[in-house]
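Residue numbers (our numbering), protein chains in the order written: chain A, 472 to 720; chain B, 472 to 720.
Incorrect hints may appear among the rest.
Pair ranges (Cβ atoms, derived) [stated by the list, open to error]:
1) R694/B with H490/A: 36 to 42 Å
2) K508/B with S491/A: 18 to 24 Å
3) D527/B with T630/A: 46 to 52 Å
4) T502/A with P628/B: 32 to 38 Å
5) R694/A with A687/B: 50 to 56 Å
6) A473/A with T530/B: 33 to 39 Å
7) D507/A with R637/B: 27 to 33 Å
8) D507/A with T630/B: 37 to 43 Å
9) D527/A with D527/B: 35 to 41 Å
10) D554/B with L487/A: 44 to 50 Å
11) G662/A with D527/B: 36 to 42 Å
12) T639/A with A531/B: 34 to 40 Å
From the derived model, a few chain A residues whose C-beta atoms are all more than 12 Å from chain B [said to hold, decoys possible]:
13) H490
14) R549
15) T601
Honestly, the hints are just simulated from the structure, not real lab data. Since the model is a prediction, treat every value here as computed from it, not as a measurement. Glycine included, every Cβ here is placed at the ideal spot set by N, Cα and C.
2 protein chains.
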Amino acid sequence: MAEIQSLAKGLKILNLLEHSRNGMGTTEVATQLEIDKSSASRLLHTLAKYGFVEQDQLTARYLLGPQLVTLGQHLLNRITLRDHARPYLHELVDKTGECAHLAILAQRQALYIDQVESTAALRVESEIGTLSPLYCTALGKILLAFGDSRIPDELTPFTHRTVTDRSTLEAQLAQTSKRGYAIDDEEYNYGVRCVAAPVYDHKSALVGAIGISGPAGRVTLERIDEFGSVVVSIAAALSARLGYDFNLR
Amino acid sequence: MAEIQSLAKGLKILNLLEHSRNGMGTTEVATQLEIDKSSASRLLHTLAKYGFVEQDQLTARYLLGPQLVTLGQHLLNRITLRDHARPYLHELVDKTGECAHLAILAQRQALYIDQVESTAALRVESEIGTLSPLYCTALGKILLAFGDSRIPDELTPFTHRTVTDRSTLEAQLAQTSKRGYAIDDEEYNYGVRCVAAPVYDHKSALVGAIGISGPAGRVTLERIDEFGSVVVSIAAALSARLGYDFNLR
DNA sequence: ACGTTTGTTGCATATTATGCAACTTTAGTT
DNA sequence: AACTAAAGTTGCATAATATGCAACAAACGT
Numbered sequence: 472m473a474e475i476q477s478l479a480k481g482l483k484i485l486n487l488l489e490h491s492r493n494g495m496g497t498t499e500v501a502t503q504l505e506i507d508k509s510s511a512s513r514l515l516h517t518l519a520k521y522g523f524v525e526q527d528q529l530t531a532r533y534l535l536g537p538q539l540v541t542l543g544q545h546l547l548n549r550i551t552l553r554d555h556a557r558p559y560l561h562e563l564v565d566k567t568g569e570c571a572h573l574a575i576l577a578q579r580q581a582l583y584i585d586q587v588e589s590t591a592a593l594r595v596e597s598e599i600g601t602l603s604p605l606y607c608t609a610l611g612k613i614l615l616a617f618g619d620s621r622i623p624d625e626l627t628p629f630t631h632r633t634v635t636d637r638s639t640l641e642a643q644l645a646q647t648s649k650r651g652y653a654i655d656d657e658e659y660n661y662g663v664r665c666v667a668a669p670v671y672d673h674k675s676a677l678v679g680a681i682g683i684s685g686p687a688g689r690v691t692l693e694r695i696d697e698f699g700s701v702v703v704s705i706a707a708a709l710s711a712r713l714g715y716d717f718n719l720r
Numbered sequence: 472m473a474e475i476q477s478l479a480k481g482l483k484i485l486n487l488l489e490h491s492r493n494g495m496g497t498t499e500v501a502t503q504l505e506i507d508k509s510s511a512s513r514l515l516h517t518l519a520k521y522g523f524v525e526q527d528q529l530t531a532r533y534l535l536g537p538q539l540v541t542l543g544q545h546l547l548n549r550i551t552l553r554d555h556a557r558p559y560l561h562e563l564v565d566k567t568g569e570c571a572h573l574a575i576l577a578q579r580q581a582l583y584i585d586q587v588e589s590t591a592a593l594r595v596e597s598e599i600g601t602l603s604p605l606y607c608t609a610l611g612k613i614l615l616a617f618g619d620s621r622i623p624d625e626l627t628p629f630t631h632r633t634v635t636d637r638s639t640l641e642a643q644l645a646q647t648s649k650r651g652y653a654i655d656d657e658e659y660n661y662g663v664r665c666v667a668a669p670v671y672d673h674k675s676a677l678v679g680a681i682g683i684s685g686p687a688g689r690v691t692l693e694r695i696d697e698f699g700s701v702v703v704s705i706a707a708a709l710s711a712r713l714g715y716d717f718n719l720r
């Protein structure tokens with residue numbers, strides 16, 4: 472179906488603004504979208520009118536607006552999985568000492584919807600709301616292996632360990648579904664290993680993935696299986712909490 | 472300036488979806504916006520293409536999409552005030568035993584950007600991301616009294632204590648700026664009293680408000696001044712943290 | 001004070017969003 | 001299972017509107 476172009480342009484502006492650190496001016500937006508600055512000006516005014524962008528008082532540059540917080544938070548609150556998963560994420564942190572994450576599938580990527588940090592003192596940059604590729608993160612591999620997503624056409628490498636070969640990845644996914652947990656061995660971020668397992672709902676449908684991530688020095692390959700079984704058992708407990716019936720499998 | 476109408480329609484759809492519990496269908500959206508269902512269909516498809524709405528797999532109804540979480544959370548993370556204020560909110564909770572909130576001005580309303588709950592057990596519905604009126608909440612009154620917003624034309628009552636008279640409100644705001652804290656005496660929610668104080672940045676400009684809210688039974692009128700001075704002193708400490716120089720006042 | 005860059009407005013034109021109608025699909029009812 | 005009703009999508013002609021241009025205004029830096 473043909474898209475409504477002026478709406479699409481407005482949405483593209485929002486995406487542009489996400490990736491700009493200090494906002495953007497009218498001309499800058501116009502250049503990026505390859506439209507006239509008059510059009511950019513009018514689109515920005517419309518977005519501002521509804522609170523989706525906001526002008527910095529000082530620099531007059533456009534920033535993402537409060538309405539996005541309102542709508543985004545509203546949606547997060549509706550995602551009940553998040554509420555149910557909270558205590559299990561804490562349990563994961565308690566048992567492994569590493570950071571715990573919860574992700575769901577969105578836009579063919581892994582959307583992080585909650586996070587519990589290991590040490591409150593050492594605050595990691597919050598990753599809630601970020602999208603990550605499916606093929607090189609543990610949470611993503613779970614969504615690939617147990618869900619019905621396809622492997623993307625392009626396997627862009629992030630580190631030298633990122634699996635860029637399709638058949639290698641397929642073999643990994645087969646192994647993942649067999650043993651029940653997925654591993655990210657410094658495939659997305661250097662020095663970070665992750666382990667994840669699937670979460671099912673009452674209808675035995677995959678709803679998300681939970682997992683842990685930590686420095687490769689602590690999450691060693693020798694202890695991976697150990698971490699794996701912890702993650703799997705807690706993911707299973709969460710699934711049971713959601714009404715998942717193990718007898719149905 | 473004239474708004475781009477098709478973009479505006481798309482944004483209106485997002486606002487509509489926020490207030491629907493179980494999503495909306497194409498026809499329903501069309502009816503609400505008073506446009507043809509073919510237009511609604513095309514707008515929804517465009518929104519979906521960019522992840523701003525999502526179709527429920529089961530019911531085929533449209534819901535707010537993950538892109539809003541991504542953008543909203545992204546913005547929240549950028550609001551550094553929130554990070555700085557965290558420990559002060561906890562301090563407020565420790566000293567008063569009530570819930571603490573942080574709000575900024577957005578869209579001529581008070582946007583709650585963080586919250587620390589008093590008792591972890593008794594979880595209050597999360598209010599982060601919600602917009603509240605300025606004229607009948609403590610946080611809002613601070614933004615009115617110390618900021619440069621105008622009193623809205625319509626003072627819609629929420630309880631029988633809501634101040635709907637313009638001059639009465641002006642007198643309250645004058646009193647507020649004199650004593651340094653604002654009170655909401657069951658003016659927005661029955662049984663809830665709130666106390667709030669202003670937060671300034673390094674340039675002595677108002678950046679937000681912090682405050683506490685609790686049941687009228689605990690936050691009694693006799694103890695209001697006591698709560699007020701606690702809130703004021705912590706708000707001042709936070710302002711100092713942000714580089715606010717008291718000698719400049 | 002100057003030129004330079006950025007943002008806004010008026011207007012004619014061409015693009016595009018729109019409503020209508022026909023059609024397809026899904027859900028509900030007898 | 002057959003039928004009816006409602007919801008959603010697509011093609012198409014037309015009307016609406018978004019667009020670029022140009023001129024203008026404002027802010028910035030030299």
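Failing hints, ascending?
-> Hints 1, 2, 3, 4, 6, 7, 8, 10, 13, 14, 15 not satisfied by this model.
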